[in-house]
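Number of protein chains: 2
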Amino acid sequence: MGKNLLSVFALGGLNEVGKNMYAIEYGEDIILIDCGNKFPDESLLGIDLIIPDITYLEENKDRVQALLVTHGHEDHIGGIPFLLKKINVPVYATRFTLGIIENKLKEHRILRESDLNEIKASSTINVGEVEISFFKVNHSIPDCLGIVFSTPEGNVVHTGDFKFDLTPATDERPDLHKMAEIGNRGVLLLLSESTNAERAGFTPSEKMVGENLENIFRRAKQKVIVSTFASNISRVQQVVHASEKTNRKLALLGRSMVTVVKIAMDRGYLTVPKGMLIEAREINDYDPDRVTILCTGSQGEALAALSRLSTGNYRDAEILPEDTVILAAGPIPGNEKSVSTIVDNLFQLGAHVIYGSGSSSGMHVSGHGYQEDLKLMLTLMKPKYFIPIHGEYRMLHHHRLLAESVGVEPGNTFILKNGDVVDIEDSQARSTRSIPVGSTYVDGVDVGDMEFVLRDRKKLSEDGMLMIILPVNKTESTLMSDPEVISRGFVDKNFSDLRKGMNRIIVSTLEELREANRNSWNVKKKQVKKLVGQYIKDKTRKEPMIIPILIEI
Amino acid sequence: MGKNLLSVFALGGLNEVGKNMYAIEYGEDIILIDCGNKFPDESLLGIDLIIPDITYLEENKDRVQALLVTHGHEDHIGGIPFLLKKINVPVYATRFTLGIIENKLKEHRILRESDLNEIKASSTINVGEVEISFFKVNHSIPDCLGIVFSTPEGNVVHTGDFKFDLTPATDERPDLHKMAEIGNRGVLLLLSESTNAERAGFTPSEKMVGENLENIFRRAKQKVIVSTFASNISRVQQVVHASEKTNRKLALLGRSMVTVVKIAMDRGYLTVPKGMLIEAREINDYDPDRVTILCTGSQGEALAALSRLSTGNYRDAEILPEDTVILAAGPIPGNEKSVSTIVDNLFQLGAHVIYGSGSSSGMHVSGHGYQEDLKLMLTLMKPKYFIPIHGEYRMLHHHRLLAESVGVEPGNTFILKNGDVVDIEDSQARSTRSIPVGSTYVDGVDVGDMEFVLRDRKKLSEDGMLMIILPVNKTESTLMSDPEVISRGFVDKNFSDLRKGMNRIIVSTLEELREANRNSWNVKKKQVKKLVGQYIKDKTRKEPMIIPILIEI
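Those sequence lines, one after another, are chains A and B.
In this text, residue positions in the first sequence follow our numbering: the first is 11, and each later residue adds one.
In this text, residue positions in the second sequence follow our numbering: the first is 11, and each later residue adds one.
A couple of the hints might just be wrong.
A pair counts as met if it fits within one copy or between any two copies, since identical chains are not told apart.
Mimicking DMTMM-like on lysine to aspartate or glutamate, the simulated pairs with C-alpha atoms at most 20 Å apart in a straight line are [what the hints assert, rightly or not]:
1. Lys552 x Glu117
2. Lys468 x Glu553
3. Lys468 x Glu311
4. Lys217 x Asp492
5. Lys347 x Glu208
6. Lys547 x Asp58
7. Lys392 x Glu553
8. Lys217 x Asp430
9. Lys71 x Glu139
10. Lys114 x Glu128
11. Lys394 x Glu191
12. Lys549 x Glu117
13. Lys255 x Glu346
14. Lys535 x Glu494
15. Lys130 x Glu191
16. Lys13 x Asp433
17. Lys95 x Glu84
18. Lys503 x Glu68
19. Lys549 x Asp58
20. Lys547 x Glu117
21. Lys536 x Glu494
22. Lys503 x Asp58
23. Lys552 x Asp58
24. Lys385 x Glu141
25. Lys427 x Asp354
26. Lys468 x Asp58
27. Lys347 x Glu128
The set of hints was computed from the structure by calculation and includes no laboratory data.
The following block holds chain A by itself, in its conformation from the complex:
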């Protein structure tokens, strides 16, 4: 057995929450774990999606052997269509995860040519000298896996996203015994997720949400509207149970809710009593106290069902006084404001609204392990080396402290950036090199480097723009008539004075350049842009984008 270099790195997921993508290389083989997306914040004006930069993989296309998918959340699968369009690598995932991926590939019209393979927690896959096996973890979506890579150099474990919920709502218990065995066989390197590394204690159990839901359902005198992530099938199952116990029909609102619930039912991850599901248009056929509505939009998304219900813009359903609305999902950081607006609107409709951040409302628990969950994983795995993954720097930092508190040697934890490589040879790990990685922006149907476009959009969005059209004599470079100024996103109460001032500056600038015999269009444009910009800034304290357009006549 020839000895090869074992290398591990991230193409996304470090110093960020989102677009998770990790890679294991042994010798010539590259094995990928997950390929997620991330949603842009407000600074990325008009960008729809951010996906991992796969330049390195494209350059090493023939070496990429497999994509293993730990679970079906967007931040782990959202980049797959874009990856497969470039590199048609075999994909391995569990039955439920595959359902979500198939739906996504169908939308991108590449389902047919994709090589999808269903695996179970008990499967093994061989890629060159690497044997890949799996273990069950639980999280906030069904059918989640951790992964073990058995290499000649030693074993590498990737946890996927996880918590230890010993009383989950569905039969999705974490396989503690298998994890213990893996730890006993010896783990050279552990990659473990860090989302909640800042939070003390154990993650509360999903069971708690079920009990609280049932209490609310029993007290509700009219309709109950529950909003949660469509993929959180345990939570959906508990809403089904509560509806069953209180004799309510269940209507699903929102495209992703309908799609994911269908996948979950078809594939046996969700049990709904016969006759319970009704169409949205049938809601008004039943007494309000016989109806539950389950809908998307718990993050305040403007076009999702809950937002539209809260403003009375949903055709088939409306929220009336004394209805009960439950936000059964905490707001993701950055979404607090839009969620609050919806809560305000719901109160104004006279609804009882049950909401709150994190688990404070009793209607949400995190799918990511808190500090004690993370310590339990570290203790079960007893790794020699440790790479905290899946989180912002402060989360990775806290996760390192947790690892050291349960016995990982100081100096054996690697806090990496995307692209930083950990190489392992003769059981010694070091991180001295990195591969270049960035972010890839998706804007409409375009994928690519958008930096300069974004710079323009930002400038336009702050102070608008002024176009200055200069009709110039072709031979003598003199102005044929007054410049025409067109503004968008810029306004000033003294605009006519400004216009005169600009005209003055433009005329004298062009005159000076002509006299100095500097007749290049570029020089003229640059000079007009600079001086007009300076003038506008002095007069208005604003800096619109100035676009001079010379028209030769």
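Please arrange chain B on chain A, whose structure you already have, making use of the hints.
Okay, now just chain B, sitting in the frame of chain A:
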């Protein structure tokens, strides 16, 4: 004594957190309470500030008799310069609040002509038949007042911002006895602030922060950097105490920190031992364990001291490994992300960082009373009528429930919108009319209605723009040469194909219009805009702003 109508309304502060401004009218007299600003969220592209819409006051200029200011926070004073430029009304405020206002008016160059009057909690002011008196409350800035309006119709009480801190860090105890007396004399209508109406319990005391600060200071082996609101003089005082006990010099970083601390020291609200304060440039003259830095930027503001320290961009000071950084202020909703980025950067510099939301880090307590504080105020005042103020709808809603729980009669609470008027006659209150109010945006030096400008900026920021320059024959309306297309903030990998497509559309559009004898410029522009826009949307799924420019030659 002739009987007049008593009316109360808000010009800002309802269904929002910010730009507080309330008005009491008795007969012909209008008395104003506070005039704050609000910072825009990301949807208001390029807007610097939002202030109350004072159209109604301008229309009734001669009736406006006084502006009473409860305390010196921006959301209560930030609009004052803009108000005074329009209506030079006498301003009444306490000594510390006046210090902050004076500084602001100086920046706007209207200090000299302003009519500022210092009041104390024991002062009384008479405006027509209304006698105005005050009572001390505590909050997170010195010298805060509640206000009592004694009118022939009955007494109206406005609480200002408050909590009941019985062990404040400075001598700023709430005057419970005076409040009890006011309640005993009878309160017809109470206006009370609602910021924390959603939170159970009592607000923790500022004392707790002091004890925690001191513990951290004692354990710190290198520099201690504390970031908080400059106006939170109690917190500043506690940092001074902790520095004194651990033999540290104190440097102030950030313009507002230097300004406000100076005001507080000059006016006797802050005691700093002689020789403790050092200049920023002297920081490196002392051993790191002998230095405290107090700085602005606790909300993640990009240009403030903490942000610049966290990226190594502050000339006089730098953060080194083992330094301790304390974020002694919770992030205001909406600022979580920028604060997190700073925390990440500080960890990367090797600092110990103490942070957390709300009071979870032990380094911050709210200045706004929780539910039990609010119930205590309601119980002391025993109002017949109640208007919850200062908060989003959900906060006002919860505050109403609290009022009813301590005895305010259902139906006697008015949840208003800005501009809704409560009229009181013969001790009976009703709300049937409103005055028109909006928001006023401040953009650079411009103040006014910016709706259409904002719409343009939003569109430009999302998909950028395409300018299409059409050189047209003056007489025959035919194209003289190919259209020129200029794009900003818009990109597409097939741009040259798009250009060809657009040319085709433009040429045929102009041709058709010419044949149909429709030669108006407006029709041409409109048609080109529509068809090119449609074409671009089909091809790219993007909707840049299309600006056709016809140049007659």
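Here's how the hints hold up against the structure:
| no. | hint | in the structure |
| --- | --- | --- |
| 1 | Lys552 x Glu117 | between (44 Å within a copy, 18 Å between copies) |
| 2 | Lys468 x Glu553 | both (12 Å within a copy, 16 Å between copies) |
| 3 | Lys468 x Glu311 | between (23 Å within a copy, 18 Å between copies) |
| 4 | Lys217 x Asp492 | neither (74 Å within a copy, 68 Å between copies) |
| 5 | Lys347 x Glu208 | between (23 Å within a copy, 15 Å between copies) |
| 6 | Lys547 x Asp58 | between (33 Å within a copy, 15 Å between copies) |
| 7 | Lys392 x Glu553 | neither (58 Å within a copy, 54 Å between copies) |
| 8 | Lys217 x Asp430 | neither (40 Å within a copy, 46 Å between copies) |
| 9 | Lys71 x Glu139 | within (19 Å within a copy, 85 Å between copies) |
| 10 | Lys114 x Glu128 | within (16 Å within a copy, 67 Å between copies) |
| 11 | Lys394 x Glu191 | within (16 Å within a copy, 70 Å between copies) |
| 12 | Lys549 x Glu117 | between (52 Å within a copy, 18 Å between copies) |
| 13 | Lys255 x Glu346 | neither (32 Å within a copy, 40 Å between copies) |
| 14 | Lys535 x Glu494 | both (15 Å within a copy, 16 Å between copies) |
| 15 | Lys130 x Glu191 | within (18 Å within a copy, 73 Å between copies) |
| 16 | Lys13 x Asp433 | within (13 Å within a copy, 87 Å between copies) |
| 17 | Lys95 x Glu84 | within (18 Å within a copy, 53 Å between copies) |
| 18 | Lys503 x Glu68 | between (54 Å within a copy, 19 Å between copies) |
| 19 | Lys549 x Asp58 | between (37 Å within a copy, 17 Å between copies) |
| 20 | Lys547 x Glu117 | between (48 Å within a copy, 19 Å between copies) |
| 21 | Lys536 x Glu494 | both (17 Å within a copy, 19 Å between copies) |
| 22 | Lys503 x Asp58 | between (35 Å within a copy, 17 Å between copies) |
| 23 | Lys552 x Asp58 | between (29 Å within a copy, 11 Å between copies) |
| 24 | Lys385 x Glu141 | neither (27 Å within a copy, 65 Å between copies) |
| 25 | Lys427 x Asp354 | between (40 Å within a copy, 13 Å between copies) |
| 26 | Lys468 x Asp58 | both (15 Å within a copy, 15 Å between copies) |
| 27 | Lys347 x Glu128 | neither (40 Å within a copy, 38 Å between copies) |
The structure does not agree with the numbered hints 4, 7, 8, 13, 24 and 27 stated previously, though it agrees with the rest.
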